[in-house]
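Guided by the hints, dock chain B onto chain A, whose structure is given.
Going down the list, the sequences are from chains A and B. Using our numbering, the first residue of the first sequence is number 1, and each one after it goes up by one. Using our numbering, the first residue of the second sequence is number 1, and each one after it goes up by one.
Each hint should be verified, as a subset may be incorrect.
[To be verified] Which chain A residues face chain B? A few, computed with CB under 10 Å, are given here: (1) Leu110; (2) Phe183; (3) Met213; (4) Pro242; (5) Leu510; (6) Pro514; (7) His517.
[Said to hold, decoys possible] If you want a taste of the chain B side facing chain A, the calculated C-beta under 7 Å gives, among others: (8) Lys8; (9) Thr11; (10) Asn12; (11) Ala16; (12) Leu19; (13) Leu21; (14) Ala23; (15) Phe26; (16) Tyr27; (17) Gly30; (18) Ile31; (19) Ser34.
Quick caveat, the hints were computed from the structure, so don't treat them as lab data. We treat Cβ as the ideally placed atom computed from N, Cα and C, and that holds for glycine.
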Amino acid sequence: MSTATAAHDDHHDHGPAKGLMRWVTTTNHKDIGTMYLIFALIMFLLGGAMAMVIRAELFQPGLQLVDPQFFNSMTTVHALLMIFGAVMPAFTGLANLLIPMMVGAPDMALPRMNNLSFWILPFAFLMLLSTFFMQGGGPAGGWTLYPPLVLQYGDGFPFLIFSIHLMGLSSIMGSINVIVTVFNMRAPGMTLMKMPLFVWTWLITAYLLIATMPVLAGAVTMLLTDKFAGTSFFSAAGGGDPVMFQHIFWFFAHPEVYILILPAFGIVSAIIPTFARKPLFGYSSMVYATASIAFLSFIVWAHHMFTTGMPVAGELFFMYATMMIAVPTGVKVFNWVSTMWKGSMTFETPMLFAVGFVIMFTIGGFSGLMLAIAPVDFQYHDTYFVVAHFHYVLVTGAIYAIMGGAYYWLPKWTGNMYNEKLGKFHFWISTISVNVLFFPQHFLGLAGMPRRIPDYAVQFADWNLISSLGGFVFGLSQLLFVYIVIKTIRGGEKATDRVWEGAHGLEWTLPSPPPYHSFSEAPEVK
Amino acid sequence: MEKNLEKKKKTNVILAVVLGLVALAFYVSGIYLSSRG
Numbered sequence: 001m002s003t004a005t006a007a008h009d010d011h012h013d014h015g016p017a018k019g020l021m022r023w024v025t026t027t028n029h030k031d032i033g034t035m036y037l038i039f040a041l042i043m044f045l046l047g048g049a050m051a052m053v054i055r056a057e058l059f060q061p062g063l064q065l066v067d068p069q070f071f072n073s074m075t076t077v078h079a080l081l082m083i084f085g086a087v088m089p090a091f092t093g094l095a096n097l098l099i100p101m102m103v104g105a106p107d108m109a110l111p112r113m114n115n116l117s118f119w120i121l122p123f124a125f126l127m128l129l130s131t132f133f134m135q136g137g138g139p140a141g142g143w144t145l146y147p148p149l150v151l152q153y154g155d156g157f158p159f160l161i162f163s164i165h166l167m168g169l170s171s172i173m174g175s176i177n178v179i180v181t182v183f184n185m186r187a188p189g190m191t192l193m194k195m196p197l198f199v200w201t202w203l204i205t206a207y208l209l210i211a212t213m214p215v216l217a218g219a220v221t222m223l224l225t226d227k228f229a230g231t232s233f234f235s236a237a238g239g240g241d242p243v244m245f246q247h248i249f250w251f252f253a254h255p256e257v258y259i260l261i262l263p264a265f266g267i268v269s270a271i272i273p274t275f276a277r278k279p280l281f282g283y284s285s286m287v288y289a290t291a292s293i294a295f296l297s298f299i300v301w302a303h304h305m306f307t308t309g310m311p312v313a314g315e316l317f318f319m320y321a322t323m324m325i326a327v328p329t330g331v332k333v334f335n336w337v338s339t340m341w342k343g344s345m346t347f348e349t350p351m352l353f354a355v356g357f358v359i360m361f362t363i364g365g366f367s368g369l370m371l372a373i374a375p376v377d378f379q380y381h382d383t384y385f386v387v388a389h390f391h392y393v394l395v396t397g398a399i400y401a402i403m404g405g406a407y408y409w410l411p412k413w414t415g416n417m418y419n420e421k422l423g424k425f426h427f428w429i430s431t432i433s434v435n436v437l438f439f440p441q442h443f444l445g446l447a448g449m450p451r452r453i454p455d456y457a458v459q460f461a462d463w464n465l466i467s468s469l470g471g472f473v474f475g476l477s478q479l480l481f482v483y484i485v486i487k488t489i490r491g492g493e494k495a496t497d498r499v500w501e502g503a504h505g506l507e508w509t510l511p512s513p514p515p516y517h518s519f520s521e522a523p524e525v526k
Numbered sequence: 001m002e003k004n005l006e007k008k009k010k011t012n013v014i015l016a017v018v019l020g021l022v023a024l025a026f027y028v029s030g031i032y033l034s035s036r037g
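Just chain A, with the same shape it has in the complex:
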């Protein structure tokens, strides 16, 4: 090696900068990934606090604690925070931390853009939350932003729109980074079909984001011009059509649902083989199933709109297309179960969360199939049955996968083992309480309780009380997760490089914690 090259290498071997500026100016994938995860956790707790307000108000019939307008703000902003602030940034954080390590790259492909993608987010959410202090309060028309209701919203309206623009911009840049990293930064020998499934699911998710986020941006831009520039995209009086907004919105938001779950599939597909001590059953079918789900996600959007009135042929098309999604999803569930079949299973905390995911996500999937049946959706639409359904797929689905992933990779990131006893306690208390929280909501919905109301008929009182109690326990038990994470970061039993004896993949070949620059020499993959 020449002296000049050696000097150059020295330059590259620097550690992180000191102090606060490290985090502001960093282009390191692990720093940025860590910031994403911390941000997601803060948003999760804030969105969770809003959920507590909702459940406290619904604890008994009648208006107790907050006025109805504020209650509606709580449901709206809870959803926006949890979707755009908690789950999506958590996945992006995991992608940042893991993808370069998994494909054997030194860093993400576009590190400066990576920094920008993250730092946009706090400003976007500050902008959104600042609306609570404005005339008209926070947005209260539901996270779906349907006109004409959303156009009646107060001074916060442009702040809401621009914050969504910023969130979209951040997601698009994050996705570009993932795609470019996966296509151009893989280590020699790491062919596409050798990539860990987490990388595959994220690659497909990134395509979904690039295709749909701009559509959301277009929809909210049109809301903005309808409000301030005299256009009538969605105003019937001016020749527009409010239902068209729903079509555009759900063309974004249905793939968004899969954006929120595909990386979770990747995480679970990493955890289960490790603790079953068997290779993943049906790797290539997992890849094709993920791609099929992504494709189908673009042709099912109007199942959210069965009650708006559409031709029977349309209802049938969207009904059958939606039901078809059960096929690749079934392939996945079958593969996870087959991976566990006759495996030497142990149930450490990540595995508990993964198995919990498989069971409870499937419950959410089945209620999704019920909702897909157009004629019966007329009864379920806008009831608590829908609320129960999407919380099963998002809380016991997406959030459980994220928690499982956090426990799984935390020893790798920090170099310290978490407290297994506390982790298991966190899982069991969460799993019991989350079912007490959401399962009764199926009954409430079937009995006719509408969503997004601060008060309800007395016939719904008993199940609401039980649901709220479950909610308070679930909310509190997440503080235990925060405690476990902080305790692990601060110290504990030293983790080995491989951490889990059954773990395979490039990230486990690195020391725990990994060096600041993961792979300075590309590893050879056989």
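Relative to the frame of chain A, chain B by itself:
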């Protein structure tokens, strides 16, 4: 290795620009199609 990384950097930027343009196309076509009702 160094030379290889330099080459990769160029490809990274080209790929990023192409993907950015795809995103922009979705944005513009979304609004255009909506304006036609």
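Hints and how they fare:
1. Leu110: 6 Å, holds
2. Phe183: Nearest chain B Cβ about 6 Å off; hint holds.
3. Met213: Holds: closest Cβ of chain B sits about 7 Å from Met213 of chain A, inside 10 Å.
4. Pro242: 12 Å, violated
5. Leu510: Because about 18 Å separates Leu510 of chain A from the closest Cβ in chain B, which is outside the 10 Å limit, the hint is violated.
6. Pro514: Interface hint status for Pro514 of chain A: violated (19 Å vs cutoff 10 Å).
7. His517: Hint violated; His517 of chain A Cβ to chain B Cβ min 12 Å, cut 10 Å.
8. Lys8: 6 Å, holds
9. Thr11: 5 Å, holds
10. Asn12: 4 Å, holds
11. Ala16: At 5 Å from the nearest chain A Cβ, Ala16 of chain B passes the 7 Å test, so the hint holds.
12. Leu19: Nearest chain A Cβ about 5 Å off; hint holds.
13. Leu21: 10 Å, violated
14. Ala23: 5 Å, holds
15. Phe26: 4 Å, holds
16. Tyr27: OK, holds: Tyr27 of chain B within 7 Å of chain A, min 4 Å.
17. Gly30: Since the shortest Cβ distance to chain A is 3 Å, the answer is holds.
18. Ile31: Where the cut-off is 7 Å and the nearest Cβ of chain A is about 5 Å from Ile31 of chain B, the hint holds.
19. Ser34: With a minimum Cβ separation of about 6 Å from chain A (threshold 7 Å), the hint on Ser34 of chain B holds.
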